[in-house]
Amino acid sequence: MAQTTHGVGGLSYDAKRRTWPAEFNVFLALIILVGAFELIGRVFLGDSFLFNTRANVDTIFNEARLQIIILQVSIVGIIAIGVTQVIISGGIDLSSGSVVGATAMIAMSFAQVATVNGNPNPKAMFIEQGWTDLPVIVPVIVAIGCGLLAGLINGTLVAYSRIPPFIATLGMMVTARGVAKWWSKGQPISFPTESFAAIGKGLMPVIIFISLAILFQLILSYTRYGKHCYAIGSNEDAARMSGINVQNHKILVFVIAGILASLAAVVLSSKNLTAQAGMGVMYELDAIAMAVIGGVSLSGGRGSIIGTVIGALIFGVIISGFTFLRLDAYYQEMVKGVIIIGAVVLDQWRQRLRAMRA
Amino acid sequence: MSDIVLKTENLTKYYGGVHALEGANFELRKGEHVAIMGDNGAGKSTFVRQITAVEQRTSGKVWFDGKEVNFAGPIAAREAGIETVFQNLALADDLDVPSNLFLGREKVLFNLGPFSILDRKFMRKATEAALIRTAVKIPNLSNTIRHMSGGQRQCVAIARTATFASKLIIMDEPTAALGVQETMQVENIIRTLKANGEPLILISHNMRQVFDLCDRIVVFRRGKIVANLRKQDTDGNDVVSYITGAKTGEAELAA
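Chains S and B, in that order, are what the protein sequence lines are.
Every letter in the first sequence is one number past the one before it in numbering that gives the first Met the number 0, and letter 300, counting from 1, is 299.
Every letter in the second sequence is one number past the one before it in numbering that gives the first Met the number 0, and letter 35, counting from 1, is 34.
Don't read these hints as lab results, they were simulated from the structure.
Hints are supplied without guarantee of correctness; some may be wrong.
[Claimed, not checked] Short derived list, chain B residues pointing at chain S, Cβ under 8 Å: (1) Lys6; (2) Val68; (3) Leu94; (4) Ala245.
[Claimed, not checked] Far from chain S, by Cβ distances over 12 Å, these chain B residues were calculated: (5) Gly72; (6) Glu105; (7) Ala194.
[Said to hold, decoys possible] Pulled from the structure, derived: some chain S residues nowhere near chain B, Cβ distances all over 10 Å: (8) Thr174; (9) Gly185; (10) Ile340.
We put the beta carbon where it would ideally sit given N, CA and C, even for glycine.
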């Protein structure tokens, strides 16, 4: 029985005929994927993907696996939070992976200890200046500064020069990678202070990722900034004619994305206890893929952080699932590609269906 | 002078070498509905874009509400009381009705710069009130604009202008893409505005509509105003000859 409700002007509509939020479909895909791995595992390996099967552990789920699923996508996930906002605003950011590399190098050089096992730290960059054993806040602020600068350049280029975001951030991608290599002439930077190393220890990356995701989901849903992200991505001319300062907004979006990439760099270098110029290669594409799988429309205007988080989890489940099935890592990448295409095709098909019903 | 809402003097706009608008002298009085007609590319939309400051004029002067004005941008024009329904609707497809009505001037609970928290309940209530006032029918306010018909979209765009206390409403071909019934709905809204004494500039190609709704017709041709005709002093053929250039020269109103 259709329930009718009255809209404005006395028009009635069926309140129950509500389209699912886009995130629901993504979540469904996640469940199906987990179910598939569970089934294949039980049939072919006699082992469970999700549930605990070891006798000496007293938990229902295989908690170690669940933790790894989230942990291995947390760092790229932090980047994806920023990339999601850029894409919703109608842009794209290809520079985040390189920004991670450059930021990790620069920040790490301010997080080094003076002595290792009683000897002077052989890798310390600023030992002569005495910039060693600095409080943890210093490298973090340096990192945020790097991300802010990268985002500011990206945003200003996109907002004022009419260079398409694809090209502007491609330039930053190449430049920032160059900075990463130049900073220590290709040498890895290692031996961070204990307090810096604590940032990426254990489940800290997961906690940071989830907190940032919640924060930015709230910002997108409830603030003027969030509303303008969707408005600009949906119809930039309309946004401009409505008096939204589109240029400032774009700069702000890229700055936020840059800062999130730099936070990911802090977590990554802290977790690895070292920074290398090659860090973060391809992270930008993984981050974009997470967003797209999570229902963020590449043409702008649609998507959410929740969707991107679920997209990240799908990534994590695929990686863990393939390891669980003892399949080669090569297949992971192939399947990832197929899933990205599949997600976009499904989304477009769903949009068409909705347009037809309306 | 006191009952003149809008006046332009020698309003001119060049796009590089293209003279899109040249020396436009225009006046609009309180409560008056004026139609702007002309061929495609005659300068109608350019004229509107200069008044609303979507573009900056090359030269000329504009008076609005008794003062000479020089708006920095569309938001300044809107704050002064000029509301525009643009040809391409200026709606964000992926946002719902209240978000579109308040686009660019969201009501906030506390001001935290760009991260100001939105007052969604207030905006929803104000939207309902505005739609009722303009007799616009929308089934579900939470639907995104993407899923609405052309008429509903246009009604949302018009309701937006009526939501905020405005001194002048400009509509750029509001019914160009609409069906018969939807056109009637929009025309009814315009009649409501007329009854409320709100001045309006209507850009339209539809002769019947113009004679139905407006007091005066201004014709543009090749970037210039070529005629300024009172409705009762003219007819469709006369207007068409000005639009096509069969009749030329600026026809002044008898004072």
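Going down the list of hints, with the structure as the test:
1. Lys6: At about 23 Å, which exceeds the 8 Å cut-off, the nearest Cβ of chain S leaves the hint on Lys6 (chain B) violated.
2. Val68: 16 Å, violated
3. Leu94: Where the cut-off is 8 Å and the nearest Cβ of chain S is about 6 Å from Leu94 (chain B), the hint holds.
4. Ala245: 35 Å, violated
5. Gly72: It is violated; Gly72 (chain B) is separated from chain S by about 7 Å at its closest Cβ, not greater than 12 Å.
6. Glu105: Check fails; 5 Å does not lie beyond 12 Å.
7. Ala194: 19 Å, holds
8. Thr174: 27 Å, holds
9. Gly185: Non-interface label stands for Gly185 (chain S): nearest chain B Cβ at 40 Å, farther than 10 Å.
10. Ile340: Holds, because the least Cβ-Cβ distance between Ile340 (chain S) and chain B comes to about 23 Å, which exceeds 10 Å.
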